[in-house]
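Peer 1: Now for the letters of each chain:
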Amino acid sequence: MRRSFLIALLGAVSLLASAQDAPKHPTRVVVQVSEADSARWNLVLNNVKNLQDDLGVKNVAIEIVAYGPGIGMLKFDAPTNSRVSEALKSGVAVQACENTMRNQKLAQADMHPGISYVPAGVVQIIKRQQEGWAYLRP
Amino acid sequence: MRRSFLIALLGAVSLLASAQDAPKHPTRVVVQVSEADSARWNLVLNNVKNLQDDLGVKNVAIEIVAYGPGIGMLKFDAPTNSRVSEALKSGVAVQACENTMRNQKLAQADMHPGISYVPAGVVQIIKRQQEGWAYLRP
Amino acid sequence: MRRSFLIALLGAVSLLASAQDAPKHPTRVVVQVSEADSARWNLVLNNVKNLQDDLGVKNVAIEIVAYGPGIGMLKFDAPTNSRVSEALKSGVAVQACENTMRNQKLAQADMHPGISYVPAGVVQIIKRQQEGWAYLRP
Chain A
4 MRRSFLIALL GAVSLLASAQ DAPKHPTRVV VQVSEADSAR WNLVLNNVKN
54 LQDDLGVKNV AIEIVAYGPG IGMLKFDAPT NSRVSEALKS GVAVQACENT
104 MRNQKLAQAD MHPGISYVPA GVVQIIKRQQ EGWAYLRP
Chain B
4 MRRSFLIALL GAVSLLASAQ DAPKHPTRVV VQVSEADSAR WNLVLNNVKN
54 LQDDLGVKNV AIEIVAYGPG IGMLKFDAPT NSRVSEALKS GVAVQACENT
104 MRNQKLAQAD MHPGISYVPA GVVQIIKRQQ EGWAYLRP
Chain C
4 MRRSFLIALL GAVSLLASAQ DAPKHPTRVV VQVSEADSAR WNLVLNNVKN
54 LQDDLGVKNV AIEIVAYGPG IGMLKFDAPT NSRVSEALKS GVAVQACENT
104 MRNQKLAQAD MHPGISYVPA GVVQIIKRQQ EGWAYLRP
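Protein chains in written order, with this note's numbering: chain A, 4 to 141; chain B, 4 to 141; chain C, 4 to 141.
It should be emphasised that the hints constitute simulated quantities derived from the structure, not laboratory data.
No copy labels: a pair is met if it fits in one copy or bridges any two.
Distance condition first, Cα-Cα at most 27 Å in a straight line; then the derived BS3-like pairs of lysine-lysine:
| # | residue 1 | residue 2 |
| --- | --- | --- |
| 1 | Lys-52 | Lys-108 |
| 2 | Lys-52 | Lys-27 |
| 3 | Lys-78 | Lys-130 |
| 4 | Lys-78 | Lys-108 |
| 5 | Lys-108 | Lys-130 |
| 6 | Lys-92 | Lys-78 |
| 7 | Lys-92 | Lys-52 |
| 8 | Lys-130 | Lys-52 |
Work out the full structure, taking the sequences as your base and the hints as a guide.
Peer 2: Set out below in structure tokens:
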């Protein structure tokens with residue numbers, strides 16, 4: 004009994020240790036883009052810039068996830084195109100939802116080069132929250 | 004002292020055990036509807052469907068909470084009516100805010116049959132987050 | 004080795020103890036205002052009132068953070084001015100984003116007296132989530 008108690012304690016300690024594992028970036032934020040509105044796309048990109056300026060680029064991991072009507076932000080001819088390039092250059096992950104692309108008959112050739120793709124934007128957003136990322140819906 | 008130390012440790016272990024209690028569904032998501040816009044209602048229902056398709060219906064608990072201008076999605080004559088029925092059939096909880104209904108002089112007879120009711124939509128959304136549910140505001 | 008094991012356990016227990024520290028308010032909510040739409044500002048203020056009515060004013064800490072196009076809610080001549088005063092009187096923290104104010108050439112003299120200021124609204128929203136606050140984006 005004494006032995007099993009110690010084993011339980013060892014388990015407790017290792018659990019705590021893993022809970023303490025510092026993520027690579029102290030702050031992690033998943034940013035949702037789900038509106039077909041270029042003013043909102045610019046707001047999203049302002050928000051990302053402010054997070055980086057305030058916290059330091061190296062201290063914050065940012066993922067932009069565009070889905071539904073928000074997918075337009077990541078088309079190659081979007082008005083926010085050069086700002087998306089800047090965000091990518093600064094280390095932001097910019098992700099398009101493949102479900103949305105299928106629905107809107109969009110191919111990767113229609114999109115901003117350099118972005119990445121997720122099977123379902125909404126699943127990515129939920130997954131990140133479960134992993135402890137903060138959620139921003141501008 | 005040795006004894007009280009062991010008691011403290013036992014407490015620590017039981018705390019950890021309860022923190023480890025697996026919820027019934029590994030993924031739990033509360034989805035907010037607060038806009039009077041049927042395109043957004045369809046987006047919400049698309050999002051719910053994608054979560055179920057991607058994660059498996061049995062692996063994700065979803066609650067839709069409609070309040071404020073979003074309450075219209077749950078009226079019996081809403082354009083999204085049949086899709087709300089499908090969501091209910093698939094096990095999604097669909098909840099209308101009674102505060103909003105009072106303000107807009109809506110009775111349960113005005114609403115989609117089969118939905119459920121919460122006293123305050125906003126309280127439900129906050130409560131779920133406190134319980135560890137992810138939050139989606141499409 | 005036995006000794007270092009006990010030290011590790013002591014660490015585990017104190018970690019758990021700090022995780023158990025009750026925050027002053029059992030419920031803490033950060034509410035985002037990022038749209039230039041007075042109907043949405045009223046919805047935000049309704050939501051805050053409902054949270055207070057349902058949970059009890061003393062049981063919920065609420066911070067409203069206005070940034071980007073949402074900053075208009077906190078100008079001294081906003082249509083929601085008297086309701087913002089009521090929210091402040093009830094203990095809600097109402098915060099304007101100084102980044103946005105700089106961009107829109109707004110001074111504190113242009114704003115509702117009694118509000119407070121944060122360097123970057125979006126950083127405040129993320130920080131609060133990291134501290135365990137629930138997030139509401141009406």
